[in-house]
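Colleague: Quick note on numbering: the numbering used here labels position 396 of the sequence shown as 426, and the sequence is numbered without any gaps.
Just so you know, the hints here were simulated from the structure itself, not pulled from any lab data.
Values in this document were obtained by computation on a predicted structure and should not be read as measured data.
Virtual Cβ for every residue (Gly too), placed ideally from N, Cα, C.
Check each hint, because a few of them may be wrong.
To be verified - DEER-style ranges, computed between Cβ atoms: (1) Leu225 to Ala262: 35 to 43 Å; (2) Glu317 to Thr434: 26 to 34 Å; (3) His397 to Met286: 36 to 44 Å; (4) Ser494 to Thr319: 45 to 53 Å; (5) Asp305 to Thr505: 41 to 49 Å.
Said to hold, decoys possible - Straight-line Cα separation of at most 25 Å, DSS-like style, residue types lysine-lysine; simulated pairs: (6) Lys418 to Lys325; (7) Lys595 to Lys583; (8) Lys433 to Lys406; (9) Lys358 to Lys406; (10) Lys418 to Lys406; (11) Lys418 to Lys458.
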Amino acid sequence: MTTPTPDNPAQGVPAAEEEVIPPLGAMRRTYPIETRIDAEQVNLLMSLGEASRWTVFGGIAVVGLAFYETAPIWATAVVAAIQLIAQFLFDRVRAGFRADPDAVPNAMKWAHRYALVTLVSGSTWAAGAILWLPGSSFAHEIFYLLVLASLIMATAVSRANYPPAIIYYGFAASLPVVVMLLWRADPLSIATVVLAAMFFATVAGWTRRINGGYREAFRLRFENADLVERMARAHAASEQRRRDSEEAETRARAAMQAKQEFLDIISHEVRAPLDGLRNLAIYLADEATSDTQMKIAASMEETSQLLRRLLDDMIDFSEIEAHSMELKPRSFDPADLTGSIVRMTRHQAVARGLSLELDTSMDLPDHMIADPDRVKQVLTNLIGNAIKFTYQGGVVVRIASLKTPEGETVFRFSVNDTGPGLSESGRKRIFEAFAQGADAQDFRFAGKTAGIGLGLPISERLVSMMGGHIGVDSTPGQGSTFWFLLPAEPGGAAAYFAALRAEGRPARSGKPERLIDLDHLYELEQRVGGQHITDHLVAGLERVLEIHREIEKARTLRDEEMLGKHARALRLAATDIGLTAVSAVAENIDTALGQGETDAAMSSVPRLQQKITATWRALAKAYPSLAA
Numbered sequence: 031m032t033t034p035t036p037d038n039p040a041q042g043v044p045a046a047e048e049e050v051i052p053p054l055g056a057m058r059r060t061y062p063i064e065t066r067i068d069a070e071q072v073n074l075l076m077s078l079g080e081a082s083r084w085t086v087f088g089g090i091a092v093v094g095l096a097f098y099e100t101a102p103i104w105a106t107a108v109v110a111a112i113q114l115i116a117q118f119l120f121d122r123v124r125a126g127f128r129a130d131p132d133a134v135p136n137a138m139k140w141a142h143r144y145a146l147v148t149l150v151s152g153s154t155w156a157a158g159a160i161l162w163l164p165g166s167s168f169a170h171e172i173f174y175l176l177v178l179a180s181l182i183m184a185t186a187v188s189r190a191n192y193p194p195a196i197i198y199y200g201f202a203a204s205l206p207v208v209v210m211l212l213w214r215a216d217p218l219s220i221a222t223v224v225l226a227a228m229f230f231a232t233v234a235g236w237t238r239r240i241n242g243g244y245r246e247a248f249r250l251r252f253e254n255a256d257l258v259e260r261m262a263r264a265h266a267a268s269e270q271r272r273r274d275s276e277e278a279e280t281r282a283r284a285a286m287q288a289k290q291e292f293l294d295i296i297s298h299e300v301r302a303p304l305d306g307l308r309n310l311a312i313y314l315a316d317e318a319t320s321d322t323q324m325k326i327a328a329s330m331e332e333t334s335q336l337l338r339r340l341l342d343d344m345i346d347f348s349e350i351e352a353h354s355m356e357l358k359p360r361s362f363d364p365a366d367l368t369g370s371i372v373r374m375t376r377h378q379a380v381a382r383g384l385s386l387e388l389d390t391s392m393d394l395p396d397h398m399i400a401d402p403d404r405v406k407q408v409l410t411n412l413i414g415n416a417i418k419f420t421y422q423g424g425v426v427v428r429i430a431s432l433k434t435p436e437g438e439t440v441f442r443f444s445v446n447d448t449g450p451g452l453s454e455s456g457r458k459r460i461f462e463a464f465a466q467g468a469d470a471q472d473f474r475f476a477g478k479t480a481g482i483g484l485g486l487p488i489s490e491r492l493v494s495m496m497g498g499h500i501g502v503d504s505t506p507g508q509g510s511t512f513w514f515l516l517p518a519e520p521g522g523a524a525a526y527f528a529a530l531r532a533e534g535r536p537a538r539s540g541k542p543e544r545l546i547d548l549d550h551l552y553e554l555e556q557r558v559g560g561q562h563i564t565d566h567l568v569a570g571l572e573r574v575l576e577i578h579r580e581i582e583k584a585r586t587l588r589d590e591e592m593l594g595k596h597a598r599a600l601r602l603a604a605t606d607i608g609l610t611a612v613s614a615v616a617e618n619i620d621t622a623l624g625q626g627e628t629d630a631a632m633s634s635v636p637r638l639q640q641k642i643t644a645t646w647r648a649l650a651k652a653y654p655s656l657a658a
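Starting from the given sequences, assemble the full structure and let the hints guide the process.
Modeller: Okay, here's the thing in structure tokens:
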């Protein structure tokens, strides 16, 4: 939108891009509808008057022949000369109006000039009355009055779009005749003047109604055009959302298919070698002749089991994400289930010098309805992670029941450890897939952070599938408590769990990667009004261009402070009028400066020119009235 100069370089921007955007002075603003109606009426006024430019000379010739016996021949030439002057002035006014770049706001000024020229045109017949009527007969006077009446009627038709022009013309053409009739002061002359006044009043009223009809027709036309344009923009916004959703759905399907194909390969091609490796490790352990061989065989077996568990977790995770996992709820005793898991995993805790205890509430019901295999999987994951990240002390598994405000029974399973605990940021992302336990360190990795893998994300999804809720309470240095709540039967306590999930749901925000935000522009148009949206956009674009020139100057001078200041201002100005791409580049420049990456910020400046150019194209499509 700007032309490169020594003070305003735009390196790396193709010249073709520079020619797309016209100067802002050539932009056409959207004027209020009343102003546009006035301009359209004046345009029609100029056009209709042009159609009768030569017929009036024929009328002068005919009237002149009618008075050839009582008036000199040169009288007709004088009358025709006055009309020729009037016609020349009319042509000048029409040409000026059509050449005026601001013809719309200046329309009434040109209409007034046109009306002043009608005084000259009306003077044609005033001169005719002075030159032709003296010495003529009564019949000639009646004939001339009929000619004037016809001319005024014709003027009312062709100039109804601007009533002052009719008044000026009628006054100038009929004044000498009226003076002559009143000078006689006889009853017939006075009656003629009265009838002429009544005729003129009738024509004036008729003209006002025609003018009102013209204005209403123009109003409806403009309102319909504006409505169509707004509907087109609303449709474009909905189409953009539809295309975005279709594209996202296509990407999601492709990703899901690729993931499923990958997991199929893993399931069929990797499981068998792992099982073979485990069997080989067992065989080597049976045949070992030394402690070293026994340790190697045990390590191989443990590694193969860990890999097999990881594969199983990946397949479970995939099934959950694809909504293809089916739960198999049945009745079971939650205390017995939890006790069996504690007994099965106690040897892992003992191997690390930890204790593992079970604490069961005395009033715990002896049955619940859920998928026991999935409950067991969740508990196993939580207990396994607690043992893994606890270095001294122990782990306590608790199970209790509680009542919701509605009186429904809910089971609470919790696993408490004496590990290093989690920070606030760690708690927020602990259930994300492949998150790193940055606050917990596995003793086997000498201080390196240990990944928690898929166990917790799978647990979170399984609990949600069973209609429950999972969470963690932790303080750095004081251990962690992972817990989950499950209803006593599928679908129970739905309102209670919905409230829990709503409280724990993080707010999500994102910036759409697009040139302009049509949704924002549509809302902006509703706020400022369809008549003013173009003015608002033009003002915003002028502000964007002004800031862009300052950014280019700051880049030339390598002034980091100035560049950062104007980048922030540009981001605000671009966001105000929905220029998403421009705002994103400005934000990148500001971010790079904040991180001390001056070269990266400077190299991003030429991208602004490209984004502004592309944005102009998009805006011109959405708002055609922006283009000249």
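Colleague: Against which earlier hints does the structure fall short, listed by number upward?
Modeller: The structure breaks hints 1 and 2; every other hint is satisfied.
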